[in-house]
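S.K.: These are the residues of each chain, in order.
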Amino acid sequence: MGFLKKFLNILLIVCSLSVLSGCAKSIIKIVYQKDDNPVNMFAETGERNFYVPITIGDSLSLIWESDAHGSFNNSAFLFFDSTVIVHDLGGRVHTFNIHTGKQTGVLKNKGSVLSTPVLINYTIIIPLVLTNKNKTELIFYDFFNGKELNVVEIDGRVINQLLRIDDDILLITEEGTLKRINSRGNEKWSISFDSFIRSNPAYSSGKVFFASINGEFVCVNAESSKIIYRKKISSSFNGGVTIKNNNAFIADTDGIIYSLRISDGEIGWKYNTGSRIQINPALDSENLFIGNLSGEIFSITQKTGSLNWKEKFNGAVFNSTPLITDNRIIISNLFKSVLLINKTDGKVSKEISLNERVKMTPAIKNNILFFGYDRGTLRAYEIIN
Amino acid sequence: MILLCFTDLTKGQFYYFGRNKVQYEDFDWKVLRTKHFNIYYYGEMEKIAEIGAFYAEEIYDELKVKLNHVVTRKIPLIFYNTSLHFQQTNVTPGLIPEGVGGFFEFLKGRVVLPSTGSLKDFRHVIRHELVHVFMTNKIYRTLSDHRIPPDMLPPLWFVEGLAEFLSTEVDAQAEMVMRDAVINNYFVGLKDIFAIYGSFLMYKEGQSFLEFVAENYGEEKVLIMVENFWMYKNFNDLLEYLLGKKIEEIDNEWIYWLRKKYYPLFSEKLPHNMGAKKTTEKGFYFSPVHFNIDGKDYIYTSANRDGYSSVYRIELDEKYNPKGSPELVIRGEKSDEFESFHLFQSAIDISNSGLLALVTKSGPTDVIHFLNTSTQELNKTFQRDYLISISSPKFSSNGALITFKAVDQKGFSDIYVYDLINDSLDRLTNDYYDDKDPSFSNDDEIIFVSDRTAGKIERKYNLFSIKVSSKKISYLTYLDANLSSPILSPEKNEIYFTADIDGVRNIWKMDYSPGAEKTDTVERVSRFFTSSFDQRFLGKDKLIFTGFENFSFQIYLKDLNKLSQDSALAVAMDFSGAGGKWYHQLLAADHEREKLVYEKEYTLDYAAGVVSTDPVFGTQGGAILSLSDLLGDDKYFFLLYNTANVQSDFLKSFNVAIERLDLSQRVNYGYGVFHFSGRRYDIRDSDEYYFERIFGGFFRFNYPISKFQRIEAMASLANSDKEVFAGIKQRKAVLLTNSVSFVHDNSLWGPSGPLDGSRLLFLLGYTSDIKFSNVNYFSLIADMRYYYRIALTTSIATRLGFFYNEGKEARRYFMGGSWDLRGWPRWAIRGEKMWLSSIEFRFPLIDALYVKFPFFGLGFFGIRGAAFFDAGSAWDTEYKRTYGSVGGGIRFNLFGVLVLRYDIGKKIENNFSNFQPGLFYQFFFGWDF
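Chains A and B, in that order, are what the protein sequence lines are.
The first sequence begins at 1 in my numbering and counts up by one.
The second sequence begins at 1 in my numbering and counts up by one.
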């Protein structure tokens, strides 16, 4: 037995212990207080307008930075009480304390979570896309008691954002199957479209709206699953739907923004930005804000489709939906920064430079700005007005 | 010695023989740093580097949108001014074939490409390679994001097909290849695409498949293939998921789509063999020119008939049928003088007096050789240091002038006229437009092709004329097409050229009269399915040209008196839209940009660690790693391992070697230090295990005389303490070793080894113990191998080797086994002196073997046979016996990297007096000698 052999044995034991600890059962258990205003799905509301009614200054103070050790996609955070919940593409869901950044729990699964989970009461519903299978597991997890309630396997991959409708969820698979499932995991109805769908659906007044990569805009009755209309609007849609009053807003892969009448899908107006758009339009009370992959941001009047302003940010790529406040647009730039932009004229009021890709939609909770960037790093900034 | 074997990168190919990558230039590298790129360039290339920087940033912006991805690191782009300089790059260690337009090196993410004088091609190649960068980076990041090992890539057909799909439209070349493959039934579907792995056809089929998907399923589906790559281990499963069909159904749809597109062409177009008379068979022929010597008609052509590009002469009978086989005029690719004929880029010409002009690479640049066809002797050679790449020379009518295109050190492609009598050179154009294919219309006017077309139509290759005296340039055509190879008819009243007006290059003509009004129409001369090239007149009413058909380039003869339907098409030109110039673009003034002198930054090339347990040597552990700078000019190699069995031996049992290798100049040199300590067995030494501690340093250099020959030298100084039995039999020495050798290699390889050419090695070495005089011997090696081709893939290979070490503690040579003396146990015959001779008949046995399993098929190609006779001997002081063997075997090349060999035969035993009883059977791996 040589000296190196002894060393190797020790190394083997250490490695084995590391692997065993990595396989340990994971858990999320949140001790919480009542939260009257949780963020319980992507964009918080079914209309998905990404609007937070506050005024913020440009003075930001970094409170904490934490690492989830997993990459994010173009998705969003959930909040409940003092917990921020975030998922990663490695199949995990993490919880952090919003004030300290301390990780309070993690659920590990084999697969990928591409859509923001949904919170219904004490249950978090996680769409876990399985590796090498065209299937998704919906995991119903009680985060108060820290136990898994139910796992429902469905055909197809859920890569589009989920919708919460009352105590049900509504999902669309990439291959184009729309399903409504209740909080116990029972399917209420399911309907298939012969088209790939890579567009986040929106919900308003009992109807679900989404679009396909074939350029169709579809409206379905959320109670009966009846197709109300299905209209060819564009060559292809990859961006999500946003609803305001009687209009739906969506942008296509050619960079054209459409305002569609939700009653019949007719085009109210359209505006060509000239470059591919992957995201949901964000809305405040009057205007629509959107960025494209060429690094341009547009402010457009919702009613008329007329351009208020547009700004080009050299080298930037906007592929996650911005967050709108009363005075700022906060948007992640894939090319390593987060921008705070003046809503009135499109000028940058602050840029936070990072050394990695930024993909998540920023979020604000309790006067703290959150964003996540590559390889699972989260940052929280206190907004100093 | 492990280190020396491991790091011997000073040659273009590895181990012992091999051709050389000669770095003729001493590149003074500079860096242009932009927002997303570090652009490396040298010399006078600043303009091309600036243009390339604009293209790169523009393409980056397009691809980030198209692929929804950003590459966050600065991408290294390494530019060379010509293909000839590009072939000298050290970014990749092997030789770069002539047709390679650029490459993306996956390990460090480097993109390396030349300017060829065409900004359109330059932009296309940058775009092609950047698609590779984006796709591989996106896939790497996506797999990492999903916690999947990022060591997978899509199949090569998709990788290359996507790069073409996103970087170019279907051009005449792609159209030619796909039409030909579909019409001649050698097209293969996705299910069998491995059969054309790595071929140009595979690139084009990949592009065609993605065009098919985009047209029938939407372009989004093509982009989702990259986006969703992480979802499946098998790429065909991903295709089936995205397109909703089985691979067989997808293949059927694709071939139906192609047939629907190409079969209607039958109603209007002809195959070459119906529209013209084929005059050659077998091989690939380019650029035919006609000449009459003493009433006999000949075609001179550059061709590749046997693996070497050469110039041939074909004698024609009175009906212009070839008489006999083509006769070799100049053998190319075997000597320094004719290192390479650029078959696809250049053309040959012959003057009225019978002087043949041909371009070859010779040393650092291209040259024009002038060959007297009567005497078959070279009259003259034209070369200028600053003209790196030359193509398509054409004589004036009196043969005193010659015009040609050349690419200079700036990377610009321009037109020149050379006066053969006065040895003077006149540069007619000097700009970044791609000017090519010049031809005299009279002694003061040249017609040529250029992409300087501007106005309504921009950057298309049209015909222009230029006055030699005034340098005034005028439009001759104004077409939305790409034209090439203009020549004047014998009466000088028509110009014949090729144009891709109908998708592929066909022959067209136009009326011509110098100084008269411009002709406003062009007329079609040929209507072939696939392309024609380099048409020349044979007499007044016949054209000879190269045609592509059934995946072969052959010479065809077309009678211009039988044009009837061919010439039924004319295309009008409207010159009113012509005018102005187009300008290349540069990065905007506010764009991030910085110019720097290149400074070496070293990054890891390779690292490997190993721990092994052996009953004799115990447990050992170590690592090898290598570093190099971005241009691959400066390399460091580190070897570290430990052979300690007890803790107290740990420090003295370190085995360390460090070498630095400098490849930045023509003379490659390396030096380093080493310390080896431990128990070992050396087959070249005694039969006993021994302990040795040896440390010292070494220096070596390699001077490539040409691509085919080099001189190598090595010197080392080492202190060696050797213990065969601890405390009983010891030997101390301070060894000084010197060697010098000459290596020649111009061999041409088949699937299992060399088929033609020769390989020679002569080495002289001396090793002595300069302190204790315990070791003192000299070495002499002469290893000669000649290969005589009998047919295209059949040859006789011969080898004669003489290895001689003489002196105190001389090391032993060894042989035996499948690589040398077959039938005898591997490495069993050893001695300080050795000779070996072999003669081997190498022939093709099975061209292709296809095994159809229930779920998939497997093809094996190039299975070869051999019959051999070996003889040799090895001895220390007294010659004892001669060994021999005779037999046959089969060789099978496994995926181009490994040759499996199986031999059966009889040993010749007892000092060459009788055959062994029975047979020997020997299975091993390795290339033929």
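Treat the hints with care, as some may be off.
No more than 35 Å apart at the CA atoms, straight line, and that leaves these computed lysine-lysine pairs for DSBU-like [to be verified]:
#1 K595/B x K226/A
#2 K336/A x K595/B
#3 K456/B x K310/A
#4 K110/A x K138/B
#5 K323/B x K110/A
#6 K232/A x K261/B
#7 K359/A x K74/B
#8 K245/B x K133/A
#9 K232/A x K595/B
#10 K133/A x K581/B
#11 K221/B x K310/A
#12 K310/A x K542/B
#13 K108/A x K108/B
#14 K278/B x K323/B
#15 K74/B x K336/A
#16 K312/A x K108/B
#17 K278/B x K336/A
#18 K278/B x K312/A
#19 K581/B x K312/A
#20 K232/A x K221/B
#21 K312/A x K595/B
Hints in this document: simulated from the structure, not taken from any laboratory.
S.K.: Under the constraints set out in the numbered hints, which ones does this structure not fulfil?
M.R.: Of the numbered hints, 1, 5, 9, 10, 12, 17, 18 do not hold.
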